Amino acid sequence: MTTRRVELDQDTVERDLMKLVLTLIELLRQLMERQALRRVDQGDLSEEQEERIGLTLMLLADRMAELRDRYGFEPGDLNLDLGPLGPLLPPADR
Amino acid sequence: MNGNADAAAGLLYLYAVARDTDLPGRHLTPSPHHPRPVTGVAGEPVELVRHLDLVGVAGRVPAADFDEEPLHRHLEDLDWLATVAHRHQAVIEAASSAAATGVLPLRLATVYRDEESLRRMLRARHEALTAALGRLDGTVEWGVKVYTLPGPEKEERTTPAPSASGGVGRAYLRRRGAERRADEHRARQADDAVRQIHTALAASAEDTHLHAPQNSRLSTHPGHNLLNASYLVRRDDDSAFTAEVRAQVERAPAWGLMVELTGPWVPYSFAATTTGPADGTDDR
Chain A
1 MTTRRVELDQ DTVERDLMKL VLTLIELLRQ LMERQALRRV DQGDLSEEQE
51 ERIGLTLMLL ADRMAELRDR YGFEPGDLNL DLGPLGPLLP PADR
Chain B
1 MNGNADAAAG LLYLYAVARD TDLPGRHLTP SPHHPRPVTG VAGEPVELVR
51 HLDLVGVAGR VPAADFDEEP LHRHLEDLDW LATVAHRHQA VIEAASSAAA
101 TGVLPLRLAT VYRDEESLRR MLRARHEALT AALGRLDGTV EWGVKVYTLP
151 GPEKEERTTP APSASGGVGR AYLRRRGAER RADEHRARQA DDAVRQIHTA
201 LAASAEDTHL HAPQNSRLST HPGHNLLNAS YLVRRDDDSA FTAEVRAQVE
251 RAPAWGLMVE LTGPWVPYSF AATTTGPADG TDDR
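Those protein sequences? They're chains A and B, same order as listed.
Anchor point for the first sequence: position 4 equals 4 in full-length UniProt numbering, and the numbering is continuous, going up by one each time.
Anchor point for the second sequence: position 173 equals 173 in full-length UniProt numbering, and the numbering is continuous, going up by one each time.
Same shape as in the complex, but just chain A (with noise of 0.2 Å):
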């Protein structure tokens, strides 16, 4: 294709590198929730480790929210398009 322009804005550049970057965070996160959820569920983890883990897990939400909100992304920005395999990310999850 010939017709369509690069842009190499500098802001445009950083802002998808922040999308990509954050959409494999979440990615982890999630995993990492899920397997925490399953093992709680399991009942294989002592209350210390629960709360522990919750806690770093609830802190990680968090965090990520604030990001998404410094760069104006929605949760559902977070996520790639694999054609047809679908998206990366369920889409209805927060």
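Incorrect hints may appear among the rest.
[Claimed, not checked] On the chain B side, residues computed to face chain A include the following (Cβ under 8 Å):
| hint | residue |
| --- | --- |
| 1 | Arg60 |
| 2 | Pro70 |
| 3 | Trp80 |
| 4 | Ala82 |
| 5 | Thr101 |
| 6 | Val168 |
| 7 | Leu173 |
| 8 | Arg176 |
| 9 | Ala182 |
Hints were generated in silico from the structure; no laboratory data involved.
As the structure is a prediction and not an experimental result, all values here were calculated from the model.
Think of the CB as a built atom: it goes at the ideal place given N, C-alpha and C, for glycine as much as any other residue.
Assemble chain B onto chain A, guided by the hints.
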């Protein structure tokens, strides 16, 4: 280009195939006594190419736009594509309303070298084309999409109060676990409901075709597209089908869903599987 006489005139763009007796004359006209032919994707008069008991609804288009290589370039140009798709559909609609027993619509940009190669295709696929015309005779296509309704806004996440059974971290985990189970429950319910809707509609349809759900980021709808289906319906069953859709439209909000109906269309989704080659140019 292979240097034959038709090459200078360009390529032959095929819109649809119909039964010979359904479309009289040399050109496709909006009505039997209308003097001016319908115009096609390149503004050309749409011709009727007869072979055996079939007729191809076709137009001569410039090779500079529709030969394989320029065509691939054009297909990435959304404005060009929108214009061509619109005109393509207009020709098919015109042919469909002129032909008593319906037409077999072809996909966008089905192109032949010349009349001879188009006739060759009509001969080679005669049996399949005739069968498809018979199957689609007297049918229309309805499109049904099911979307999730935007859910109730979740209240802002607040720091959970430590309860008797543990600290803030454990309370957070419990709440997320409950939310996740609720989400999964909702998703399962929606899946069941979509399956019920599809089964109910399929019962009054001849055939169904499931398309990939639309990417919600490209759609104007706030919800997610869970079902994107086409239903082939006999004209005689039309009112039964649309009544069934109306019933589903009314039930859907109780499941957190929204049902959208489009049509009636010429049965594109059911013709594509029986006609023509997978790629645009063929039979050179």
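Cross-check of the supplied hints:
Restraint check, Arg60 of chain B versus chain A: the minimum CB separation of about 27 Å is more than 8 Å; hint violated. For Pro70 of chain B, the shortest C-beta to C-beta distance to chain A is roughly 13 Å, which exceeds 8 Å, and the interface hint is violated. The interface hint given for Trp80 of chain B is violated, since its Cβ lies 11 Å from the closest Cβ of chain A, which is over the 8 Å cut-off. A distance limit of 8 Å between C-beta atoms decides the matter here; for Ala82 of chain B the minimum to chain A is near 15 Å, and the interface restraint is violated.
A least Cβ separation of about 37 Å between Thr101 of chain B and chain A goes past the 8 Å threshold, and the interface hint is therefore violated. Satisfaction of the interface hint for Val168 of chain B is found here, the shortest Cβ-Cβ separation to chain A being roughly 6 Å, below the 8 Å cut-off. Look at Leu173 of chain B: its Cβ gets to within about 4 Å of chain A, closer than 8 Å, so that hint holds up. The closest approach between the C-beta of Arg176 of chain B and any C-beta of chain A is roughly 6 Å, which is under the 8 Å cut-off, so the hint is satisfied.
Interface restraint check: Ala182 of chain B against chain A, minimum CB-CB distance 11 Å, threshold 8 Å, status violated.
Of the numbered hints listed earlier, those contradicted by the structure are 1, 2, 3, 4, 5 and 9.
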